[in-house]
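Participant: Taken in order, these protein sequences are the chains called Y and D.
full-length UniProt numbering applies: residue 1 is where the first sequence begins, and numbers increase by one.
full-length UniProt numbering applies: residue 1 is where the second sequence begins, and numbers increase by one.
Bear in mind the hints are in silico, worked out from the structure with no lab data behind them.
The beta-carbon is built from N, C-alpha and C at its ideal position, and this holds for glycine as well.
Careful, some of the hints might be misleading.
Stretch-level coverage of chain D by chain Y, calculated; a stretch enters the list once three of its residues show a Cβ under 8 Å from a Cβ in chain Y [unchecked claim]:
#, region
1, 95-101
2, 311-320
Looking from chain Y toward chain D, a few residues come up when the C-beta cut is under 7 Å (computed) [to be verified]:
#, residue
3, Leu184
4, Leu186
5, His263
6, Ser267
7, Val269
8, Ser271
9, Thr272
10, Val274
11, Trp277
12, Glu303
13, Ile308
14, Val315
Think about it this way: if two alpha-carbon atoms lie no more than 27 Å apart in a straight line, the pair counts; the simulated DSSO-like pairs of lysine-lysine are [as the list claims (entries may be wrong)]:
#, chain 1, residue 1, chain 2, residue 2
15, Y, Lys312, D, Lys101
16, Y, Lys317, D, Lys334
17, D, Lys232, D, Lys318
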Amino acid sequence: MLKKINLNSLIPLAQRTCFRNYSQEPAAVETVHDDDFRVLNLRKTKGTQQQLSRRPKPPDVPPPRYKQMAVDQDWGAVWPGPKTFHPASVPLPVRQGWVPLNKTVPGKFANAELMKIPNFLHLTPPVIAKQCEALKQFCTPFPKGLETEEQQEKHFPVQFISSDYVHGLPTIRNPLSRIVTIKLKLSQLKLDEHARDKFLRLIGERYNEETDEITIVTDRCPLKQQNFDYAMYLLTALYHESRTVEEWESSKQEGDMEYYNWHNNQSKVTSTEVLNWGLPGDSKVEPPQEYISCVENLMNEGENEYNINKYKESVVKMLGLA
Amino acid sequence: MLLRRSSRLIKPHIGLYSTVVEPKLNVDEFRTIEDNPVNHSKQHIGKYYKIDDGLKRKLFSQGGLPKKYEKQIKTFNEACLMVRPQAIEIMEYINRTDFSKPVVRYLLYGERGAGKTMTMAHLAHYGHENGFCLVHVPYAPDWYKRPKEFGPSATHEGMVDLPLDAASWLIHFKSQNNDLLTKSEVGISKTYDWSKREQTTAGSKLIELVDHGINRAKYASDVIAALMDEIKIASTAGKIKTMVLIDGYNSFFNEQTRVFSDTRKKHPVTPDKVTLTQPFINITNFDWCNGVCVLSVDIFGMLGWERESYLPRYLLGKEGFEHLDPFVPIKMDKYDERQFDSCISYYVNRKWIQNTAQGFDKELKFLSNSNPYKLMELCNSV
Numbered sequence: 001m002l003k004k005i006n007l008n009s010l011i012p013l014a015q016r017t018c019f020r021n022y023s024q025e026p027a028a029v030e031t032v033h034d035d036d037f038r039v040l041n042l043r044k045t046k047g048t049q050q051q052l053s054r055r056p057k058p059p060d061v062p063p064p065r066y067k068q069m070a071v072d073q074d075w076g077a078v079w080p081g082p083k084t085f086h087p088a089s090v091p092l093p094v095r096q097g098w099v100p101l102n103k104t105v106p107g108k109f110a111n112a113e114l115m116k117i118p119n120f121l122h123l124t125p126p127v128i129a130k131q132c133e134a135l136k137q138f139c140t141p142f143p144k145g146l147e148t149e150e151q152q153e154k155h156f157p158v159q160f161i162s163s164d165y166v167h168g169l170p171t172i173r174n175p176l177s178r179i180v181t182i183k184l185k186l187s188q189l190k191l192d193e194h195a196r197d198k199f200l201r202l203i204g205e206r207y208n209e210e211t212d213e214i215t216i217v218t219d220r221c222p223l224k225q226q227n228f229d230y231a232m233y234l235l236t237a238l239y240h241e242s243r244t245v246e247e248w249e250s251s252k253q254e255g256d257m258e259y260y261n262w263h264n265n266q267s268k269v270t271s272t273e274v275l276n277w278g279l280p281g282d283s284k285v286e287p288p289q290e291y292i293s294c295v296e297n298l299m300n301e302g303e304n305e306y307n308i309n310k311y312k313e314s315v316v317k318m319l320g321l322a
Numbered sequence: 001m002l003l004r005r006s007s008r009l010i011k012p013h014i015g016l017y018s019t020v021v022e023p024k025l026n027v028d029e030f031r032t033i034e035d036n037p038v039n040h041s042k043q044h045i046g047k048y049y050k051i052d053d054g055l056k057r058k059l060f061s062q063g064g065l066p067k068k069y070e071k072q073i074k075t076f077n078e079a080c081l082m083v084r085p086q087a088i089e090i091m092e093y094i095n096r097t098d099f100s101k102p103v104v105r106y107l108l109y110g111e112r113g114a115g116k117t118m119t120m121a122h123l124a125h126y127g128h129e130n131g132f133c134l135v136h137v138p139y140a141p142d143w144y145k146r147p148k149e150f151g152p153s154a155t156h157e158g159m160v161d162l163p164l165d166a167a168s169w170l171i172h173f174k175s176q177n178n179d180l181l182t183k184s185e186v187g188i189s190k191t192y193d194w195s196k197r198e199q200t201t202a203g204s205k206l207i208e209l210v211d212h213g214i215n216r217a218k219y220a221s222d223v224i225a226a227l228m229d230e231i232k233i234a235s236t237a238g239k240i241k242t243m244v245l246i247d248g249y250n251s252f253f254n255e256q257t258r259v260f261s262d263t264r265k266k267h268p269v270t271p272d273k274v275t276l277t278q279p280f281i282n283i284t285n286f287d288w289c290n291g292v293c294v295l296s297v298d299i300f301g302m303l304g305w306e307r308e309s310y311l312p313r314y315l316l317g318k319e320g321f322e323h324l325d326p327f328v329p330i331k332m333d334k335y336d337e338r339q340f341d342s343c344i345s346y347y348v349n350r351k352w353i354q355n356t357a358q359g360f361d362k363e364l365k366f367l368s369n370s371n372p373y374k375l376m377e378l379c380n381s382v
């Protein structure tokens, strides 16, 4: 403020009066009270403005750290743990961020995009190798005879899946860690046709037909061990329940069947009658297996052009029209 | 040498060294002069043949050809049918059939407008020329969707009768088989008592039975039931050959009909409560011989909410499938390249298509997807 006034006083008086010659106020008054009042300068000249502004001096910032890094440094020491991205410590020309077409992607300095995403700079392969080497002393050798997946499946048919959570909180418990999943190939269980059918009905949608795998997920108990015990109990109960034959099961009708069995259906009666029509009573002609499987496919897989065509071919052959 | 010379002498109008070209019939590429379907074979596939006008009237005057096609016949001034490969396939099967074995049921299926009804008509012509007694139902769903008249049956309690439909079918049957019925000596196996005063005695001709049904519409449905039994008996005995053709066969197994059990039209009945249903289900059973059944399933024979697929198992339902099984399903496909070209040339020949700018056929093919019915519809405006 002081400087400003001094500068104003440096401007020749004659020039200032010249600016204000259209003003009704006498110029002499202004000059008299120069020190007391601020001047309302409506027509600021460019020259005076430039003289007034002053650029702040940039602070003393040391050069980024990566410029002093050796090529063969120990990166694990630079970046020992998980950390938000820091442009000065990472000696990589990383770029990140969305830009319109034909514009340059922002660099790593002052780039919030790079800071937002998680990074794995603390898990470089040499670091992992080093950590593994350190952990080796706590490991036991891999059991013999379990090298292939078939062997593993044979000796340990039940697959047990659960999750552990590690985090820095006052409590070390995570409610999600109680959930237990057990998986098992259905073929591993010794079931006959009836038991298998019953087992599948009991287990419902927990059976995957493509992989022949059953999956039981338990989460109703508060602890992992309890849930595991419960899952094993369920498996045992299902297995034994499916092997028992109840009295009412013998009253199963054709309408209750879950699949079409040609031998229990009208198709068997009619096709046998058609083939034996007009023949002497003793000789019995049975419909060919091809026809039987075609009818069963048509009914079980559902109707499509392919199945209809197969059915047609088999009927034409059976009736001797080919 | 002598033989060869004599053979030359048979054709006196062509001299030995004459330059006169042997007269050649001028036939278009898309037509065949073979008008008798009995002689049709694979070489006629895709070609048009002409049905004689009188014969057309005899076979299809009561129905059997689609209405739009009838209109086209009038416009074109000739009744021409294309020989489709499916018809030839069935004819070949029939030729190979051992007629001492139970009847083989053929089932035509396919999309709307693929030519099921037209193939039926072709086969009806074939059957007529081949001396088959025709049991032809032009379109069975008509009975259930648009009955002319319905009322409670006099003879079967709890059943509904369609007397006018039954009588008009008998007229159709009679017009198709008149010659055969009057000529043949096929008698009735037992006496039918219609009422106290009316009866058809055993040994009287089939045509008398038919005439009775036509004159007394009240008993028409019962006459049809009797007629089907008699046809089966006569065929099994080898007296006649029978060809059963039923279009829209799936309507016999529908869930519901538009036939009502009361005059206020409140309670629709199922097809099995209609007296007309049983005889036609009966004749499509396998327990007779010396015959052939050609049936078709039509998606439009179904009620509105059951038109998801045109495949036979879906349209017939469980009951219908079990009744027909084992049958020979035959798919009516859309036109292939040759049939399409032939159809287009026929329309051009009839001056039905007059705008033959370059690429018009490709455009038509694309628009119609080679579906015969759609092509016909499209060409109406070309």
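Participant: For each hint, tell me whether it holds in the structure or not.
Facilitator: Cross-check of the supplied hints:
| no. | hint | verdict |
| --- | --- | --- |
| 1 | 95-101 | holds (count 5) |
| 2 | 311-320 | holds (count 4) |
| 3 | Leu184 | violated, 37 Å |
| 4 | Leu186 | violated, 31 Å |
| 5 | His263 | violated, 14 Å |
| 6 | Ser267 | holds, 5 Å |
| 7 | Val269 | violated, 9 Å |
| 8 | Ser271 | holds, 5 Å |
| 9 | Thr272 | violated, 10 Å |
| 10 | Val274 | holds, 5 Å |
| 11 | Trp277 | holds, 5 Å |
| 12 | Glu303 | holds, 4 Å |
| 13 | Ile308 | holds, 5 Å |
| 14 | Val315 | holds, 5 Å |
| 15 | Lys312(Y) x Lys101(D) | holds, 18 Å |
| 16 | Lys317(Y) x Lys334(D) | holds, 26 Å |
| 17 | Lys232(D) x Lys318(D) | holds, 25 Å |
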